Amino acid sequence: MREPSYYVLACLLDGPLHGYAIIQRAAELSGGRVRLATGTLYTALDRLAGEGYVRLVGEEIVNGRARRSYGLTDSGADALRAEAARMAQAAQIVTGRAAARAKKQPRGRRQPAGPGPQAETA
Amino acid sequence: MSRLEARASRLLRAYPPSYRAEHGDEVIGTLLDASPRGRNWPAPREAWSLVAGGLRARAAANRQQPAVGSIRLTLLLAAVLWLTWEPYQVLSSFDVSPLGRALSILGMLLVSVTIAAPWFAPRPVVVLLAVGTAVALGLVYHHIDQTIRLIYLAPNIVPPIVLAVTAAAGSARPSRAWLWLPGGLVAASILMYAQGTGVTGLVSSLIGVGAAIFAFGSAGVAVLWFVVDVRPPMAFLIGYEWMLVPVAAFNAIRGSWLPGPYYVYMAVPLAAGVVALTVNRLLWKLSDRFLPYRG
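Which chain is which? The protein sequence lines are Z and X, in order.
Following numbering that gives the first Met the number 0, the numbering of the first sequence begins with 0 at its first residue and continues without gaps.
Following numbering that gives the first Met the number 0, the numbering of the second sequence begins with 0 at its first residue and continues without gaps.
A portion of the hints provided could be inaccurate.
Selected chain Z positions facing chain X (in silico; Cβ < 8 Å) [unchecked claim]:
#1 37
#2 38
#3 41
What the simulated footprint calls covered on chain Z by chain X, stretch by stretch (three residues with Cβ under 8 Å from a Cβ of chain X suffice, anywhere in the stretch; the number is not a length) [stated by the list, open to error]:
#4 18–25
#5 58–64
So these bits of chain Z aren't anywhere near chain X, every CB distance computed over 10 Å [claimed, not checked]:
#6 9
#7 13
#8 51
#9 76
#10 92
#11 100
These are calculated hints, taken from the structure and not from any lab test.
The structure presented is a predicted model; accordingly, all values stated were derived computationally and were not measured.
Each residue gets a CB set at the ideal place from its N, CA and C atoms; glycine is no exception.
With these hints in hand, go ahead and build the complete structure from the sequences.
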């Protein structure tokens with residue numbers, strides 16, 4: 000699953016949202032890092048709807064325009080959880096090692112930067 | 000309608016009409032919401048995402064077309080390509096009489112009407128028109144050359160016959176795809192020049208006619224294919240001497256082989272197609288990596 004899809008699904012965890020709200024929520028969840036462009040958002044929504052991960056849940060007219068809300072389906076929630084577990088496992092390879100190394104080091108002698116000669120011998 | 004809205008609507012034309020009808024309003028609304036107040040132009044990344052998303056939506060929609068409709072559109076396009084090529088062939092021949100040229104032009108007009116017919120005429124009319132055009136073209140070429148052989152006749156009468164057969168075979172009219180049109184005409188013109196002399200004699204003398212066709216054909220096919228639709232490049236290959244294949248097979252069964260150059264003419268588009276396919280795959284891979292989310 001690509002990042003835009005992942006964030007679109009994650010945005011819908013708390014309930015259905017319309018297009019612009021998804022863009023805002025993705026930025027919020029990622030601390031401003033993920034900025035979905037409109038075309039990118041709708042390409043991702045089309046794909047996710049085609050896979051049955053997202054469905055149209057409502058439509059209202061705002062300023063004379065259709066505004067549709069999209070919600071997560073059960074299979075979308077499952078796919079999102081599976082992807083999160085996969086990424087957590089992948090992250091664990093790196094973060095687990097860093098934590099183990101930090102445990103071995105006595106307090107006060109930890110090096111803030113990368114593993115220099117002192118860090119290796121500590 | 001604000002300037003931003005008008006400009007965004009123009010960008011939205013990259014999407015297929017069916018998509019615009021269903022989602023156009025919603026996409027524009029989201030884009031307007033996402034744009035800072037007072038902005039007159041969509042941000043470059045927004046504009047690019049709409050164009051890329053639109054072309055991808057078109058490609059996806061084209062892949063879902065029913066096979067019969069796709070085949071017929073492909074062959075119609077092949078006939079259009081033939082039509083761009085044929086006037087050059089006939090008008091540049093010195094040994095064609097004025098009457099022969101006039102008849103040729105009449106035949107080409109008939110083919111033009113036949114090509115356009117599926118969009119405005121009922122099916123039986125399209126079939127009759129196409130059969131009539133094939134017969135008329137046969138008579139025209141018989142007038143031009145009394146001793147005409149199948150090898151010369153086939154590329155000219157096959158398009159209308161194929162139109163008749165495909166029009167009779169299916170009920171759905173071809174979709175009104177239009178993005179291929181400028182690219183197809185450019186590719187056809189380049190081919191004409193690559194094969195001609197005069198201005199393009201330079202190209203011919205530098206790298207040879209075959210190599211020029213190969214290079215321009217590959218590039219044109221790859222670009223068309225990459226941009227929107229698989230059907231125009233197929234039409235390009237069919238339109239360019241591929242109608243000689245059944246003739247060559249027929250002759251081979253009868254034990255008479257065609258002159259060598261004909262096999263070159265058949266092999267070059269095939270090689271161009273293989274190169275185009277490879278380039279296309281490569282371009283899509285690159286686009287996955289560098290363009291906005293593929294969807």
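Structure-based check of each hint:
no., hint, result
1, 37, "holds (4 Å)"
2, 38, "holds (3 Å)"
3, 41, "holds (6 Å)"
4, 18–25, "holds (count 3)"
5, 58–64, "holds (count 3)"
6, 9, "holds (15 Å)"
7, 13, "holds (19 Å)"
8, 51, "holds (15 Å)"
9, 76, "holds (20 Å)"
10, 92, "holds (24 Å)"
11, 100, "holds (34 Å)"
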